[in-house]
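There are 2 protein chains.
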Amino acid sequence: MDIAGLLATEHEAIEEALDQWLPAEGEYPALIHEAIRYSVLGGGKRLRPILALAATRSLGCDADRIVRSACAIEYVHCCSLVLDDLPSMDDASMRRGRPTVHRAFGVATAILAANALLMHAFSLIADNGEAVGAPGSSVAAATRDLATAVGSYGMVGGQHVDLESSRGGRVDSGTVEYIQSRKTGALFVVAATTGGTLLGAEQPRIDAVASYARKLGFIYQIVDDIMDVEGDEEVVGKDLRKDKGKLTFVTLYGVDGARRMAENLVREARSSLSSVGEDVDALSELVGYCLERVS
Amino acid sequence: MDIAGLLATEHEAIEEALDQWLPAEGEYPALIHEAIRYSVLGGGKRLRPILALAATRSLGCDADRIVRSACAIEYVHCCSLVLDDLPSMDDASMRRGRPTVHRAFGVATAILAANALLMHAFSLIADNGEAVGAPGSSVAAATRDLATAVGSYGMVGGQHVDLESSRGGRVDSGTVEYIQSRKTGALFVVAATTGGTLLGAEQPRIDAVASYARKLGFIYQIVDDIMDVEGDEEVVGKDLRKDKGKLTFVTLYGVDGARRMAENLVREARSSLSSVGEDVDALSELVGYCLERVS
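Protein chains in written order, with the numbering used here: chain A, 1 to 295; chain B, 296 to 590.
No lab work stands behind these hints, which were simulated from the structure alone. Hints may contain errors.
[Stated by the list, open to error] Label pairs and their in silico Cβ distance ranges:
(1) B:S566 with A:G97: 56 to 64 Å
(2) B:H306 with A:S93: 45 to 53 Å
(3) A:V171 with B:A299: 49 to 57 Å
(4) A:D232 with B:D502: 54 to 62 Å
(5) A:R270 with B:L336: 43 to 51 Å
(6) A:E12 with B:Y548: 51 to 59 Å
(7) B:H306 with A:D281: 53 to 61 Å
Note that beta-carbon positions come from the ideal geometry of N, C-alpha and C, so glycine has one too.
Given the sequences, and given the hints that come with them, work out the whole structure.
Quick look at the structure:
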């Protein structure tokens, strides 16, 4: 399997779907929808929806039936970037090579657009669940999984502890693991499982793909932290060295230690795949792709 | 029926449920959960959950089975207050007689807590739908209705146009109606319908109670606008005269014109109740209660 080719094909299809499932340009109130479209359609690796489609296939399900949910996960990710970038949070000026949403539209519009985008994601998951005829317990599980991944036990919790740690809070490996698993891992897990949940895949296989996705999230975050230290702002397209004073695996173990950690996680992630199913080549390649960004 | 007695009894039960269904005090990350509990448990009329229970009963359903959803609606309301109060929005310092959440906890924590609370509400609706054995289409409808009420076609849209109007945007009755129906009406409608949706009430009756709730929301908002002009800050417990320069029915039609408008809506709201069912006394009294606050 050629992962670069797969990613390019998937990427194009996903860009189209991301555009299609957003509120149309000019729809009232226009500025909110403009800010939403700006935050989503400004580039991005689209790793989460690619993961969603590949994971759903690996569970023996028809990924074409959950494209809306895959988009919803990416919308949630974009929402989190808008909020993380705010002046009261990471105070970032650039994202994906352009001004951040609050720099382009103002803080109030950025907050409102982020929340609207989050709500749009929940609507799409609900619509998708209904469209595929999922039972109440599955629609409830998909909704709850996403809400939990975003809320105080998920991304919000991770961002909060991250901000606290950068302002002199606790510094230990448990805290870094908490931050990373919530800020990145939680949404990776939901990306990997929502399709299977809505389409009725077997629970042990869903659990196995969740375990894989949790490790993939760690790998991705470690690589991101290494790039923050070693990367080139013009290539990466966002503010770097923002982690100075922040708690990451790199500040804790150094670049080499963090890289070794990622390499171990690659082995663990691939071994989780044995309980997922037959069609796991794409998921296996995705692990290497995440790692290669820094090697 | 004694509405004051009913409200007092309901209020007490709802306060207890609101506490019970929130994350416990001290749960990690503690500051986020403290801010969440501060934003919810600081008093409030609890009109939306009272409406939710009364409307569910009027549809012939057992309201005791949807208490979690009634709480979820109030949590969403509290979330919207936290966001509306932010410095970049209405920049309010007091709410329910205490410092606003961002004054007490800082802007970042306020934004994160508001989002966590919103997510918690979606989890509860999903849990509730599963617990009562609702089919996929009903869980999907309840989720989508709430997401739509909050997002760019609902409260977010209303708040955005409200901010725009106060900064010199369009000033006409259509715009005021847009703002008020989104900022207040949308969540009133969801409060009134979610119980019936999850418990399988007949759709025409749900539609009738939605129509009633839309009018109740207008009445409530008009009364709120009148109080902003005529009220006493110490009694009301929040910043008043914040609407100066804002677009409301009072700035458009004056206090007397707005009051006449509310009185007409009372008649319309009560006439909507004839298609809801037999047990609508509480809903009818609720209309009068909303109006009496200014008479």
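Consistency of the hints with the structure:
Distance hint for S566 of chain B and G97 of chain A: a CB-CB separation of about 57 Å, consistent with the stated range 56 to 64 Å. Distance hint check for H306 of chain B and S93 of chain A: the Cβ-Cβ separation is about 47 Å, which falls inside the suggested range of 45 to 53 Å. Range check, V171 of chain A to A299 of chain B: Cβ separation about 55 Å, and the 49 to 57 Å hint holds. Our hint of 54 to 62 Å for D232 of chain A and D502 of chain B holds, since their Cβ atoms are close to 58 Å apart.
One distance hint, 43 to 51 Å for the beta-carbon pair R270 of chain A and L336 of chain B, holds here, with the actual separation near 47 Å. Hint check: E12 of chain A to Y548 of chain B, Cβ distance near 54 Å, so the stated range 51 to 59 Å holds. A hinted range of 53 to 61 Å holds for the C-beta pair H306 of chain B and D281 of chain A, which are about 59 Å apart.
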